[in-house]
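Undergrad: Next come the chains, spelled out residue by residue.
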Amino acid sequence: MELREFFHRDAVNLELEGESKDDVLKEMIGLLGLDEKSESILFKMLKRRENLGSTGIGRGIAIPHCRSLVVNRLRVAFGRKSKGLDFNAIDSSPVHYFFLIVAPPLEVSNQYLPVLGKIAQFAKEPDVPARLQSLATPEEFLGLLEEKAL
Amino acid sequence: MHPQLEILLQIQDLKSQRRHLTELDDEGEVEVQEFHVVADDAINVLDQRITEMLGQLETAIRNRYERIAAGRARPVVPVINGLCYGCFVAIPTAVTGDVHRNDEIRHCDHCGRFLYVTG
Chain A
3 MELREFFHRD AVNLELEGES KDDVLKEMIG LLGLDEKSES ILFKMLKRRE NLGSTGIGRG
63 IAIPHCRSLV VNRLRVAFGR KSKGLDFNAI DSSPVHYFFL IVAPPLEVSN QYLPVLGKIA
123 QFAKEPDVPA RLQSLATPEE FLGLLEEKAL
Chain B
964 MHPQLEILLQ IQDLKSQRRH LTELDDEGEV EVQEFHVVAD DAINVLDQRI TEMLGQLETA
1024 IRNRYERIAA GRARPVVPVI NGLCYGCFVA IPTAVTGDVH RNDEIRHCDH CGRFLYVTG
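Going down the list, the protein sequences come from chains A and B.
Anchor point for the first sequence: position 35 equals 37 in our numbering, and the numbering is continuous, going up by one each time.
Anchor point for the second sequence: position 64 equals 1027 in our numbering, and the numbering is continuous, going up by one each time.
Because the hints were derived from the structure by calculation, they are not lab data.
Cβ pair distances, simulated, as ranges:
| # | chain 1 | residue 1 | chain 2 | residue 2 | range |
| --- | --- | --- | --- | --- | --- |
| 1 | A | A132 | B | C1050 | 50 to 60 Å |
| 2 | B | A1053 | A | P131 | 48 to 58 Å |
| 3 | B | V1001 | A | E127 | 19 to 29 Å |
Don't be surprised by glycine CBs; every beta carbon is placed ideally from N, CA and C.
If we strip away everything but chain B, and leave its shape as in the complex, we get (with noise of 0.2 Å):
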């Protein structure tokens, strides 16, 4: 896997935390409830890992990242089904069989996200 994808979906997922901590949706409710997590504490927490990974990408991804991120809830996201699961058009199956398929950082053509294929 490219490492600068590695880095990428770390940050969607840590953003993904932070959402649901932020929101207090029914995730963030059973993490605050069951599992006794300090909402606060931890939105501070994941702030400064987003942060930090942030600043290991290299510029022109980062820019990238940021200039999807300002526009959509997701800027990576995953191929399931040859279809882009950010916009759910289909991605080319030249980008999705390819045995190193994650070995580049690919973007959908439609809505520019960054894909990750899975499976």
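Excised from the complex, chain A in its bound form (with noise of 0.2 Å):
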């Protein structure tokens, strides 16, 4: 299964508006469309991962991630914040780009780990930062994605 196919358009915001760390992961998890009691245990979450080491991977890039049980399936949502946010990030360079990832801490098809992988290793491409900096429309990053077919 291709990374593509993880995506959906709806959990796509090329503007965030969020101008702390805080913001942003509230808003990218906005962006999943769970109840209001399950955002707030997930932001917590994913607070607690962010204490444990910055998932700012570097060229401007972060991938907030942890299992919840409030998701019933595995979810991803992508976020870019144009002028970027110091989310102290590996290369304490400003993160533009964020990939969230959650999953249940049971998945029957096991998913969470490769679909990780995938984007670290999309995220790893010479091209990538500047080509999501580039992007106009939602569709232009499920495109990106595809094109990159991993």
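Combine the two chains into a complex, taking the hints into account.
TA: Below, the structure is given as structure tokens:
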């Protein structure tokens, strides 16, 4: 299964407005369409995960992720903040691109790690940061994933 | 959602994170290799948080939780498609079909685990 199949247009936001790490995490969680209480729990879990070490992997990309009982299947979202945000990334650079991955503790198809790995691989492709910056629509983001065929 | 259930869910998720880091299974390895998490430090942080959250449970719920946790890896499990995902025995539809289904603390009649209805 390819990365493109996990993303939906509604879970892509190319103009994140949050000005803080917390705000952006909440905005990203909002893309998943969960109920308010689930959003609140997920936010706490993602924050705690960030406290163990930033998920900013460098080159302007962060992959906030966790497993949580509040979702019943693997959920992913993509967000872009063009002017960047301090996310305590490994290379200390501002983060512009956010890939959110959340999965339940038990998955029949066990897709969490493969998807996490594919996104990390995608993020390492030399042209990806520039391509993500030039996206004009969510459809173009989905097209980029399709083109990379990961 | 029942506030105590919310705490139980968080404890379970934290313990899941801890387990991956302790066992350094595939997920733990990814955290260490890809995201540069220092496993021992992270485990300490998680332990502190888990202890704090256990302290927020009402005594009866905490006792029950610890009793189940002593014998089973996952004391809190989702109900998916009407099944307890701990023992895979069907849960009565009165439990799974209720709109306010997570507003009460519920258990599986078969295995005793705390139940959380998803979806």
